Amino acid sequence: MKLLTHNFLSSAFLKNVKIGYPLTLKVTSAEIVESEFDPDFTKRMLTKVEFPALVDAAKAVATVKPIEIPTEKPADWEQNETFLNQVYRLLNCVDVTAGELVCPETRRVFSIRDGIPNMLANEDEVD
Amino acid sequence: MSRPEHSGPPELFYNETESRKYSSNSHIIQIQYEMSQRALELLALPEGEKCLLLDVGCGSGLSGEILGDNGHTWVGMDISQDMLNVAKEDNDCDGELVLQDMGAGCPFRPGVFDGAISISALQWLCHANSKKENPKQRLLQFFQTLYGCLSRGSRAVFQFYPENTDQSEFIMAQANQAGFNGGLVVDFPNSAKAKKVYLVLMTGGMQRLPSAILHEGQNHDAVTNSERTRWNKGGPRNAKPQKGSRAWIEAKKGRMERQGKEVRPTTKYTGRRRKHAI
Chain A
1 MKLLTHNFLS
11 SAFLKNVKIG
21 YPLTLKVTSA
31 EIVESEFDPD
41 FTKRMLTKVE
51 FPALVDAAKA
61 VATVKPIEIP
71 TEKPADWEQN
81 ETFLNQVYRL
91 LNCVDVTAGE
101 LVCPETRRVF
111 SIRDGIPNML
121 ANEDEVD
Chain B
1 MSRPEHSGPP
11 ELFYNETESR
21 KYSSNSHIIQ
31 IQYEMSQRAL
41 ELLALPEGEK
51 CLLLDVGCGS
61 GLSGEILGDN
71 GHTWVGMDIS
81 QDMLNVAKED
91 NDCDGELVLQ
101 DMGAGCPFRP
111 GVFDGAISIS
121 ALQWLCHANS
131 KKENPKQRLL
141 QFFQTLYGCL
151 SRGSRAVFQF
161 YPENTDQSEF
171 IMAQANQAGF
181 NGGLVVDFPN
191 SAKAKKVYLV
201 LMTGGMQRLP
211 SAILHEGQNH
221 DAVTNSERTR
231 WNKGGPRNAK
241 PQKGSRAWIE
251 AKKGRMERQG
261 KEVRPTTKYT
271 GRRRKHAI
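Line by line, the protein sequences are chains A and B.
Quick note on numbering: the UniProt record's numbering labels position 20 of the first sequence as 20, and the sequence is numbered without any gaps.
Quick note on numbering: the UniProt record's numbering labels position 224 of the second sequence as 224, and the sequence is numbered without any gaps.
It is possible that some hints are incorrect.
Below, a sample of chain A positions facing chain B; criterion: calculated Cβ distance under 7 Å [unchecked claim]:
(1) F8
(2) F13
(3) I32
(4) E34
(5) E36
(6) F37
(7) N118
(8) A121
Each computed DMTMM-like pair below joins lysine to aspartate or glutamate, with the alpha-carbon atoms no more than 20 Å apart [unchecked claim]:
(9) K131(B) / E125(A)
(10) K50(B) / E78(A)
(11) K253(B) / E36(A)
(12) K88(B) / E31(A)
(13) K195(B) / E34(B)
(14) K21(B) / E5(B)
(15) K240(B) / D38(A)
(16) K261(B) / D95(A)
(17) K26(A) / D56(A)
(18) K261(B) / E34(A)
(19) K136(B) / D124(A)
These are calculated hints, taken from the structure and not from any lab test.
These numbers come from a predicted model, not from an experiment.
For every residue, glycine included, the Cβ atom is placed at its ideal position computed from N, Cα and C.
Taking the hints into account, I'd like the entire structure generated from these sequences.
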């Protein structure tokens, strides 16, 4: 599961959950898969990404794999090559292979196995 | 042909054996490829723009591959772990995968996706697989959460196999209640074999439905995107090489190499037409 995906996942489909975002990420294992920097992709995604949630998720990954985490989104982020490169690596090159996602309101745990988050819930948990 | 959705839930039908069979059947691959292309066309995304898309019922990633080939970033959702495993093993699958039951809802925060497609999946939601399951409620939950995670003005296109008109109307009613406008586009309506049904849902105000393809070989108008014409801000419009051609193979090798994977060198034999099937 890439951090890009984590940034979009929410548990709001569950009963009694108002926002369900961001899901707390716990990382058991992660891989770095290097790929060529794509500036267009990064800039596009940055218009959708919740930056604080990305930083928190990156910190969870850093407990098992060292990675560079930008502390804040600079005002000139569109031209800031260093920042864009760091964000690209975080969004696209980190793969969480095993871990957990925790709903901030119900504390319900969704597991991540073989890099795929399992959002399946029982019928009575869903609206 | 009996309907698979009558036999039980999709995660049991698409077990490991069935998933592999499905994903290696060249006839199925060809049809899925064509339907995905058409669905993408019906999405009427802004010309030349790379978007973030959701593939509902992505299965083994056949449809998602089309999205990726067109430069879009996509997230796929499916209820069958076995189908997702096949997708994961496939090097051509560059989308993110989420294990989820669409009837439980789309697990994404609001306004994230620029569009959604779904190929051959929606009919599965119309059948209750247990006493507790209520198809109407599940359809509504699905459409409501889908509406929520789509950005304003974007579309969702579903290719599916309606059993009868009642079922199509039932589905449309839930979609309407969730806030969608839209309707059915039926290609090749006069051919039992070629007929394909697409449910085109829109989140903006009422818009004209795109025109269906009526005859084989008909040059259908490119779907006009009336609400979202934008000035092209320059930049080359790269003609995509035909899938399977030498240029396509070389582009693919380039992508694989950039991902750090081992790639055979390009020689005069690359993409050479063979006389007989290997």
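- Hold the hint about F37(A) up to the distance rule: shortest CB distance to chain B must be less than 7 Å. violated, 10 Å
- Message: Checking one constraint from the list: CA of K21(B) to CA of E5(B), max 20 Å. Satisfied?
- Response: holds, 17 Å
- Once the shortest beta carbon distance from F8(A) to chain B is found, is it less than 7 Å? holds, 5 Å
- Message: Would the hint linking K131(B) and E125(A) be met if the CA-CA limit is 20 Å?
- Response: Distance ~16 Å between K131(B) and E125(A) Cα, so the pair holds.
- Hold the hint about I32(A) up to the distance rule: shortest CB distance to chain B must be less than 7 Å. Not OK, violated: I32(A) not within 7 Å of chain B, min 11 Å.
- Query: Would the pair K253(B) and E36(A) pass a check requiring their Cα atoms to be no farther apart than 20 Å?
  - Reply: holds, 14 Å
- Message: Given E36(A) as an interface hint, is its Cβ closer than 7 Å to any Cβ of chain B?
- Response: holds, 5 Å
- Message: Tell me if the interface restraint on A121(A) is satisfied: Cβ within less than 7 Å of some Cβ in chain B.
- Response: Because about 6 Å separates A121(A) from the closest Cβ in chain B, which is inside the 7 Å limit, the hint holds.
- Item | Hint check, N118(A) versus chain B [nearest Cβ-Cβ separation less than 7 Å] | With a closest approach of 5 Å, the N118(A) hint holds.
- CA of K136(B) to CA of D124(A), is that 20 Å or under? Holds: K136(B) and D124(A) sit about 16 Å apart, inside 20 Å.
- Message: Holds or violated: K240(B) and D38(A), Cα atoms, limit 20 Å.
- Response: holds, 19 Å
- Task: With chain B as the partner, please determine if F13(A) meets the hint condition of a C-beta pair closer than 7 Å.
- Result: Cβ of F13(A) sits 3 Å from chain B, so the hint holds.
The structure does not agree with the numbered hints 3 and 6 stated previously, though it agrees with the rest.
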